[in-house]
Amino acid sequence: MFASITQLYMNVRSECPGVTDPMIDMEFFNAMDEFCRRTDGNRYSTPIPLVEGVTSYIVTYPDNVVIRVYSITHRTLDTTSAWYDPDDGSLALGNPPVEADLAEPLYLNVSLAPKAGVVDSDAWMPELLYDRFYIALLDGTISKLAAQIAKPWTNQVKATYHGRRFRRLMADYKAQAEVGFAPNAQAWRFPQILLG
Amino acid sequence: MATLDTVQKILDSARRLLQDRIVPYRYANEELIAALNEGVLEARRLRPDLFLPAYTLPEYVATSDAVALPDMYRPAFVMYVAGRIQMSDDEDTQDSRAAAFMNTFTAKLLVVTS
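Heads up: the protein sequence lines correspond to chains Z and X, in order. Here the first sequence is numbered in this note's numbering, starting from 178 and rising by one per residue. Here the second sequence is numbered in this note's numbering, starting from -9 and rising by one per residue.
By construction, these hints were calculated from the structure, which means they are not laboratory data. Here the structure is a predicted model, which means the values were calculated and not measured. A virtual CB, placed ideally from N, CA and C, is assigned to each residue, including glycine. Among the hints, erroneous ones may be present.
[As the list claims (entries may be wrong)] Pair by pair, the computed Cβ-Cβ distance ranges are:
hint	chain 1	residue 1	chain 2	residue 2	range
1	Z	Gln333	X	Pro43	25 to 33 Å
2	Z	Ala327	X	Asn19	27 to 35 Å
3	Z	Ala180	X	Arg34	31 to 39 Å
Please work from the sequences and hints to get the whole structure.
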């Protein structure tokens, strides 16, 4: 378990007295899932080594669910007609790679959420992102636990307070994710039509 | 004793509350184990999360069985066993005491201040 997740569990145990670890596991998953789906913060770029003349590849994410496919990019290969199907993991290229395209991998850029049934939370997201989103995930987990019915840790005031913080932080991270977590990055793209 | 990690330890603790510590016991082990199993069913109704992640209910048959319940909630089951047994014995029954045990069991499962 990553250090920040261990820290999160320690925080939750003291904020929600009486809560059991399997229950934290469940609500932590729910907070993670909601966070990833709303913010697209868990973006992942998969390098795929190309093989000359081969247009079909299999790319799977066994520990995650693919929420969105952002782009399929390559420096020299035309990927405008490339297609990725998250259900079966098949990646189809419209144009077969030639020898000149093999120097660099193709990149499949996706947004991921945790997959139900995967117990190891370390597999859901890189440690760097857990550190970055720590406060949001902590607020989300506590708000979901405090909102439960008839438990020793049920607390409507805490549920509301942490729920508001969770939603506000998700909105912030969503905006940051749109510019690749680079606040001063260019927020617009040069119109492709003008490139000819 | 402290961890109440076996059925025997829960029964010993319940016998202290029942003042039934000298052999031959007033209440047989089988009765106390049956009460513990009823307590598990009651806990399933009040706090299904105690049986996460598998949601399978443990059923105890022997005093040597390990208790598959979260350690911080095991004292509640001592209360249930004592309360359930207290209600069952007509000669020794004290209804208010039995009710106090049962209410403590419920409170320990549902609220922090119990």
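Hints versus structure:
1. Z:Gln333 / X:Pro43: 25 to 33 Å: This hint holds: roughly 26 Å between Cβ atoms.
2. Z:Ala327 / X:Asn19: 27 to 35 Å: holds (33 Å)
3. Z:Ala180 / X:Arg34: 31 to 39 Å: holds (35 Å)
Taken one by one, the earlier hints all hold for this structure without exception.
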